[in-house]
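Visitor: Given these sequences and hints, build the entire structure.
Protein chains in written order, with the working numbering: chain V, 245 to 589; chain F, 4 to 345; chain G, 151 to 529.
Just so you know, these hints were derived from the structure itself, not from any lab.
Careful: at least some of the hints might be erroneous.
[What the hints assert, rightly or not] Far from chain G, by Cβ distances over 10 Å, these chain V residues were calculated:
| no. | residue |
| --- | --- |
| 1 | Leu250 |
| 2 | Lys292 |
| 3 | Ser385 |
| 4 | Ala568 |
| 5 | Lys569 |
[Said to hold, decoys possible] Straight-line distance between alpha carbons at most 27 Å, and here's what the computed DSSO-like set of lysine-lysine pairs gives:
| no. | chain 1 | residue 1 | chain 2 | residue 2 |
| --- | --- | --- | --- | --- |
| 6 | V | Lys429 | V | Lys396 |
| 7 | G | Lys438 | V | Lys349 |
| 8 | F | Lys211 | V | Lys521 |
| 9 | V | Lys341 | V | Lys281 |
| 10 | V | Lys521 | F | Lys283 |
| 11 | V | Lys396 | G | Lys168 |
| 12 | G | Lys438 | V | Lys429 |
| 13 | V | Lys281 | V | Lys566 |
| 14 | F | Lys283 | V | Lys396 |
| 15 | V | Lys292 | V | Lys566 |
| 16 | V | Lys527 | F | Lys211 |
Even for Gly, the Cβ is constructed at its ideal location relative to N, Cα and C.
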Amino acid sequence: MPVEPLAPETLFSVRGLSKHFGGTAAGWLQKAKPVVKAVNDVSFDIRKGETFGLVGESGSGKSTVARLMLRAYDVTSGSIRFRSDDGATVELAQATKQELTPLRKQMQMIFQDPYSSLNPRMTLLELVGEPLLVHGVASGSELEDRVAELLKLVGLRPEFRSRYPHAFSGGQRQRIGIARALALKPSFIAADEAVSALDVSVAAQNINLMQDLQDQFGLTYLFITHDLSMVQHISNRIGVMYVGRLMEVAATDSLFQEPLHPYTEALLSAVPQPDPKRNRSRKRVALRGEVPDASRPPTGCAFHPRCPYAADICKTLEPELKEAKPGRFARCHFAGEFQLTGAYA
Amino acid sequence: MTDQTPLVEIRDLGVEFRRREGVVRAVDGVSLHVNPGEVLGIVGESGSGKSISVRSIMQLLPQAATLARGSILFHPPGQDEIDIAKLDRKGKAIRALRGRHIGMIFQEPMTALSPVHTIGKQVMTPLLLHTDLSKPAARDRARELLQLVQMPRPDQMLDAYPHELSGGMRQRAMIAMALACSPSLLIADEPTTALDVTTEAQILDLLKSLQQRLGMAIIFITHNFGVVADIADRIAVMYMGRVVETGDVDAIFESPRHPYTRALMESVPRLGGDKQRRLKTIPGMVPDPFELPRGCSFHTRCSEAVAGTCDRLEAPNVALGRNRFARCHLLAEQTAGGTDAG
Amino acid sequence: MTATSPTDTPAVDPRDAKEALYRATPRQLMWWRFRRHKLALVSLCVLVFAYLTAGFAEFTAPYDPFEITETATMRPPQPVHLFDADWTFQGPFVYGLKRSRDLETAAVIYTEDTDDIVPLRFFTAGPEYQLWGLIPGSLHLFGAEDPDARIYVLGTDTLGRDLLSRLIHGGRTTLTIGIVGVAFSFLIGITMGSISGFYGGRIDSAIQRLMEFIRSIPTIPLWMGLAAALPVEWDPLYVYFLITVLLSLINWTYLARTVRGSFLSLRGEDYVLAARLTGASESRIIIKHMLPAMTSYIIAAVTLSVPEMILGETALSFLGLGLRPPVVSWGVLLQEAQNLRVIVQAPWLLLPGLAIVIIVLSFNFLGDGLRDAADPYGR
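Guide: Right, dumping it as structure tokens:
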């Protein structure tokens with residue numbers, strides 16, 4: 245099946261991506277599991293060399309999107325087109341294991357938990373060297389040299405390669421994870437809450453490191469987080485997710501200046517600021533209730549039970565993600581019709 | 004300095020952990036006070052000892068920890084002063100304080116709520132324990148409390164089990180439990196860290212409105228500068244078991260004086276703030292608690308450290324105006340004579 | 151390279167104690183952690199001692215366990231002394247026993263004769279044997295200096311057989327039954343458990359239900375039925391083999407559950423996903439990432455299931471359903487001590503029971519220590 249080629253500046257193009265978990269009927273030997281629509285009709289593009297931020301609260305499906313793009317899971321429906329290093333466009337959504345293996349060199353992941361993402365029974369040499377070994381890129385003393393180089397790159401001493409992960413703090417472990425992700429010189433790295441588990445001062449060090457590496461190697465990042473201040477700092481463009489749906493996509497500045505979706509507005513106003521005077525003067529959009537369960541999403545627009553602007557149509561009809569303004573997409577019936585407050589107000 | 008008797012006054016508190024590798028001074032000479040009806044925010048990174056120092060007020064320390072020195076003076080309204088540090092951690096006197104005069108809420112409500120009892124029953128427990136309310140009266144009061152914390156459908160929730168509730172509602176249930184006996188002090192240990200941003204905002208608003216209505220004092224522990232700016236009246240910043248800076252919230256955020264406070268604030272990106280390419284960082288790592296540096300414990304990472312002073316002598320606690328202190332050699336030089344060996 | 155060097159840690163000195171900790175292999179860490187459990191350590195020593203003694207039973211036992219001495223029935227244990235009645239040092243010795251009869255009841259009475267010193271010597275020649283049925287020899291760990299004298303440290307049974315020798319030879323049967331049986335259940339358990347944990351879904355459910363079915367069968371009636379079906383004229387060795395297979399057919403479910411559980415929890419670990427995303431093959435993931443993390447748990451689980459086997463054998467033999475004389479095992483020895491008259495007149499015949507308690511407890515303590523050391527990275 246021929247794949248429609250991507251524009252040269254696009255690295256990833258995701259269209260109508262969905263992932264449903266569970267959904268097994270009750271049988272003789274097992275109980276029924278309800279369908280959880282973790283990701284529902286998500287579409288966005290990632291450009292070469294940019295950092296695309298994906299924000300959302302727990303259960304919004306943001307991590308699942310990243311794992312689908314890296315094909316850690318099978319895709320339920322939709323397409324994921326990826327521009328390979330040789331310029332060819334490949335369709336990842338239905339790619340087989342054999343087709344994926346060579347592509348894995350080009351896309352890597354950094355995990356949230358610096359403890360569970362490194363095998364405690366392997367030395368740094370084995371950990372960081374594993375991708376090189378698996379793809380037959382280097383072995384023996386060449387492997388040692390490459391690992392030493394990678395460790396230096398992330399600010400760790402090459403002599404550390406005979407140590408095990410338990411010797412390191414959370415922030416350093418995260419760097420080991422970054423070194424492992426860089427080993428195969430990928431063009432794309434998905435960072436799943438990469439600094440959320442770290443203390444602020446350590447998180448800042450690692451964010452700076454990630455930006456330096458981006459400049460040095462021309463990396464493209466998918467940066468997943470629930471921390472709006474951090475995503476604003478690092479991203480060029482941002483997608484906002486809610487209960488498995490992409491609610492809004494826009495360039496960082498325009499999204500923070502003038503959100504088009506009421507959920508984005510609420511999210512921005514909910515973040516407490518390290519500025520007591522502003523907190524006092526600012527009016528918060530008080531949201532009713534809590535994030536709904538992804539296995540029982542509301543009818544119509546997923547946000548309508550909490551939305552201060554909800555109208556009757558929102559209860560019955562689910563809106564599409566549409567281009568409300570040039571380059572700005574929002575999944576709201578009234579996108580662009582309200583004057584919503586941003587974070588710069 | 005203060006014109007009223009503080010509700011709680013911690014003086015020169017020291018808490019030690021005995022480990023096979025040696026003794027860790029998790030809290031080393033912390034002095035703090037909370038006035039009645041005031042919200043004190045304690046900020047610090049992990050391992051700063053913020054949680055341990057505040058848990059000492061409830062005598063809720065891990066088995067391996069000992070209260071090595073210092074006093075914790077508590078003035079329950081209309082009663083004599085009690086030095087909590089001298090009480091037996093399993094004794095009657097401390098149990099009479101817990102839940103009655105001091106309430107506590109945690110980061111993980113699920114670990115604090117019993118999974119086998121209904122919410123109603125758990126909110127009633129402190130009432131039956133500390134007051135002479137009858138069971139039906141306690142149940143009515145529990146319903147009122149659930150209304151107070153803005154729990155949706157309080158009548159139904161009385162008979163619900165914790166696992167049926169969402170994270171935010173569990174946190175509300177725990178707040179109701181902590182407030183059951185109208186304590187004069189509420190200790191909140193990172194109560195919003197595990198919550199989503201929108202839920203966090205709801206809980207913060209709830210705590211602020213409850214504090215205004217009921218007038219209790221709150222000690223709020225967090226690592227998030229945004230949260231502390233939102234809720235606190237006064238702030239104490241902790242590093243390696245010490246309070247490095249304390250003062251009114253506006254003053255601290257306007258002009259942080261201690262190099263650590265300053266560096267920490269600058270390393271957090273601000274929402275809607277000026278966009279800079281790089282974040283400011285604090286160099287190095289948090290020191291090994293078994294091998295604390297000599298002198299000022301921050302000197303190894305401080306960009307302004309002066310060789311010969313900061314790496315040799317312990318930093319003095321410098322008074323910088325009303326309610327304002329910072330532990331730093333540099334500030335001591337600037338305000339010569341204004342030191343207070345605290 | 152880049153301008154980032156924020157983690158300025160001091161240079162690495164491999165001789166440094168801390169650096170040794172940082173470079174400690176998983177096995178070292180586990181050993182360090184295990185070492186802290188004094189009880190487990192002692193248990194390990196007890197077990198090593200027990201298995202060595204039983205392994206070289208022909209050498210360590212002073213006499214042939216089947217040798218009947220009519221003149222020495224039901225002799226009480228002879229304690230070993232170093233000093234005689236006048237507190238003069240004599241080296242290890244026992245007092246001789248005088249045999250007489252109670253004039254009224256005609257029962258045999260043994261009395262200690264403090265004038266009759268029977269010296270005890272190590273590495274002496276004694277009855278001839280064939281070690282493991284192969285190597286002929288006559289050297290024993292200890293025995294009476296006088297080749298004609300007899301020393302019964304733990305006394306004798308109703309037929310005048312040396313209890314210590316029988317205990318040691320019986321230990322060989324009982325202790326190996328534990329190991330061999332666990333080896334069987336290990337094979338079944340690990341296979342079924344990994345299939346269950348790795349594939350999940352329908353296969354997993356089917357295996358789970360099968361395990362639950364096996365666990366719900368009342369074991370004693372099952373054993374009784376099966377043991378009754380074994381022909382009496384069969385070679386005791388066959389019976390021995392069948393008993394172990396029987397025990398392990400029930401026991402494997404515990405191991406399978408452990409293996410399945412660790413497979414399931416490891417499958418969800420981020421580092422397994424990370425390996426998968428680098429393009430590592432399934433076999434590499436299982437061999438390099440999952441098995442090393444599991445082995446320690448499996449070893450602990452295996453250790454903890456050995457006592458089940460030992461107790462199972464003992465119970466069966468005690469009921470007369472398992473091993474039968476002339477095979478000696480601790481269960482068989484206990485069966486011989488079953489009647490009240492024997493217990494009253496020769497309480498030392500219950501000593502095999504004490505041996506069982508010690509061995510079972512040791513395995514349990516060792517297993518506990520191992521289980522605790524199994525994950526030295528616990529947070």
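Visitor: For each hint, tell me whether it holds in the structure or not.
Guide: Here's how the hints hold up against the structure:
1. Leu250: Non-interface label stands for V:Leu250: nearest chain G Cβ at 22 Å, farther than 10 Å.
2. Lys292: About 21 Å separates V:Lys292 from the closest Cβ of chain G, which puts it past 10 Å; holds.
3. Ser385: holds, 19 Å
4. Ala568: holds, 35 Å
5. Lys569: holds, 37 Å
6. V:Lys429 - V:Lys396: Holds, at roughly 15 Å.
7. G:Lys438 - V:Lys349: Holds, at roughly 20 Å.
8. F:Lys211 - V:Lys521: Holds, at about 15 Å.
9. V:Lys341 - V:Lys281: Holds - the C-alpha atoms of V:Lys281 and V:Lys341 are around 24 Å apart, at most 27 Å.
10. V:Lys521 - F:Lys283: holds, 23 Å
11. V:Lys396 - G:Lys168: holds, 21 Å
12. G:Lys438 - V:Lys429: At roughly 23 Å apart (the allowed maximum being 27 Å), V:Lys429 and G:Lys438 satisfy the hint.
13. V:Lys281 - V:Lys566: holds, 21 Å
14. F:Lys283 - V:Lys396: Within the cut-off at roughly 21 Å; holds.
15. V:Lys292 - V:Lys566: Holds: V:Lys292 and V:Lys566 sit about 23 Å apart, inside 27 Å.
16. V:Lys527 - F:Lys211: holds, 15 Å
When held up to the earlier numbered hints, the structure conflicts with none and fits them all.
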